[in-house]
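Guided by the hints, dock chain B onto chain A, whose structure is given.
Chains A and B are the protein sequences, given in the same order.
In the numbering used here, each residue carries its 1-based index in the first sequence increased by 32.
In the numbering used here, each residue carries its 1-based index in the second sequence increased by 32.
It does not matter which identical chain is meant; a pair holds if it fits inside one copy or across any two.
No more than 20 angstroms apart at the CA atoms, straight line, and that leaves these computed lysine to aspartate or glutamate pairs for DMTMM-like: (1) Lys193 - Asp208; (2) Lys193 - Glu242; (3) Lys193 - Glu299; (4) Lys193 - Glu257; (5) Lys193 - Asp53; (6) Lys193 - Asp61.
Because the hints were derived from the structure by calculation, they are not lab data.
Number of protein chains: 2
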Amino acid sequence: MPFPPSAEPSAAFRFARNALDRRAELRDDAATIEAAWAAASARVFVLDGGRAIVRRGEDGGTSAAHDAATATALAGGATTRLFLGTADDVAWFALAANDFEEREDAPFHAVDLRSLAIEGSLPEDHYGALATARGLLHWHDGHRFCARCGAASQIVSAGWKRVCPGCGAEHFPRTDPVVIMTIERNGRCLLGRSPHFREGMWSCLAGFMEPGETIEAAVRREAREEVGVRIGRVTYFASEPWPFPGSLMIGARAEALDDELIVDPVEIAAARWFDRDEVRQLLDGGHPQGLHAPPPIAIAHHLLRRFVDGA
Amino acid sequence: MPFPPSAEPSAAFRFARNALDRRAELRDDAATIEAAWAAASARVFVLDGGRAIVRRGEDGGTSAAHDAATATALAGGATTRLFLGTADDVAWFALAANDFEEREDAPFHAVDLRSLAIEGSLPEDHYGALATARGLLHWHDGHRFCARCGAASQIVSAGWKRVCPGCGAEHFPRTDPVVIMTIERNGRCLLGRSPHFREGMWSCLAGFMEPGETIEAAVRREAREEVGVRIGRVTYFASEPWPFPGSLMIGARAEALDDELIVDPVEIAAARWFDRDEVRQLLDGGHPQGLHAPPPIAIAHHLLRRFVDGA
Chain A
33 MPFPPSAEPS AAFRFARNAL DRRAELRDDA ATIEAAWAAA SARVFVLDGG RAIVRRGEDG
93 GTSAAHDAAT ATALAGGATT RLFLGTADDV AWFALAANDF EEREDAPFHA VDLRSLAIEG
153 SLPEDHYGAL ATARGLLHWH DGHRFCARCG AASQIVSAGW KRVCPGCGAE HFPRTDPVVI
213 MTIERNGRCL LGRSPHFREG MWSCLAGFME PGETIEAAVR REAREEVGVR IGRVTYFASE
273 PWPFPGSLMI GARAEALDDE LIVDPVEIAA ARWFDRDEVR QLLDGGHPQG LHAPPPIAIA
333 HHLLRRFVDG A
Chain B
33 MPFPPSAEPS AAFRFARNAL DRRAELRDDA ATIEAAWAAA SARVFVLDGG RAIVRRGEDG
93 GTSAAHDAAT ATALAGGATT RLFLGTADDV AWFALAANDF EEREDAPFHA VDLRSLAIEG
153 SLPEDHYGAL ATARGLLHWH DGHRFCARCG AASQIVSAGW KRVCPGCGAE HFPRTDPVVI
213 MTIERNGRCL LGRSPHFREG MWSCLAGFME PGETIEAAVR REAREEVGVR IGRVTYFASE
273 PWPFPGSLMI GARAEALDDE LIVDPVEIAA ARWFDRDEVR QLLDGGHPQG LHAPPPIAIA
333 HHLLRRFVDG A
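Isolated chain A (complex conformation) (with noise of 0.2 angstroms):
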């Protein structure tokens, strides 16, 4: 896929960059797809669980894709495999790993998703295909039997549906879509701190979209369930594939119609409102009490640097 010509934010995101086109229209030709494996061209991605194993190179380097009989081997027999598309005639595909161990004599180590995105030790390109199987594969996971009759189910198209023998049902993965918004009101920004945040992080309130909800009204609802402020205008930002495991993040501008906060103890340790200067603090660095916030690799920066800029 070309890159978009437009600076979007969503473009942006580490998790968004693929430069795969997905060829939804070869994921039933079983003929092809297995060609395509058996390609010696072909680049596979293993993942266990959340962490891909990836070859640390004696040079420094960090690459997560490898030839189909690496990825075969690390990945330890039969496994979930999935076809994620083609860039420049290249067949790419991703394994889930069966219980992988590292070995102190061998370049192959598993890393979370996390850690690799922060640390920008792969091709840019590449975060978003591993954001990809990564959702796939943590579905496939957790979804192994039919929702409708109970039996087992099994894989088909490449590992983009899963179809059930006993009563028929069709099962396609899911992507669940969640909130995020800066609450803005006078020039400051609310931000909270959920309970399981570490030490001194702040970032934007967030939560899981209900049915039967807009994007604007699950806004809304957060911001009334979480802190008691009720919100004005909404405006969209941008949206980030976020592979932990499955989600898509949406981000949006709140303004906000009170300054009195009723925080939901449950759900919140605390929350309060921050001023421009004190945002840029915790984005940059330097805030006198040590605060900070998400790195880049999370839509919430990019949210707090556009109320820092204020564009």
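Just chain B, lined up with the frame of chain A:
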């Protein structure tokens, strides 16, 4: 919930209109939910698949909201019950009907949600609650078994979660994001016909998002797959819950970089460019060949209205 003070496009859609505060904090409070159900003021929607059981009054009025006793009788015995939220201290629920049968002498009829929305016969803010109920009940209907281990799972949290007594897995309702877009170039808009459209209907291209995509990337992929057109800038327009059965429609404007079409014959029966005057005729009637666009209950209608108005 107070209606949003800003006149945003998403808030205008019929299936987005919902006066209920979802009160998620009550879902696990069984005693409060039972007391709310037992209150004389409780109001209940009854759905038979994609149809709501409505009372057609002698005065021509239509109501989908019943008292608990009437709803229980209409539902026909033990069934799935959802807590939808509260408004003005009244608790709202939904029940799934077991094989509802119309009786000639009774005022109750099963009417599909699309017809109810087009006729606009219900109070405006009931449609969003019905969309929520439809999405949840459809999810329960297809998820009676644990996808992780195959055991029969159980409804908890007043209908907002299922848990597996076998393996302990928790399952949450599913909402499937779909992108739908006007594809525009040189003052014209690209519309298509799906093979299942009825005669004369033309609409925006649309498709389910896949794991690992941004909204903008999904718009570009669908345009490339379905009509072979490259897309430059993508701009978010609005979103709409679409209860057929449980999608989140994400509407966008897409600027095309190509005029020529390479139509996918599997997905698309026909596609072509329309100028502004012709799109206006599709919306308002009067097209010389009798062609038309979706009605105002669909986000496609509003995407096309924005194109016609040039906003």
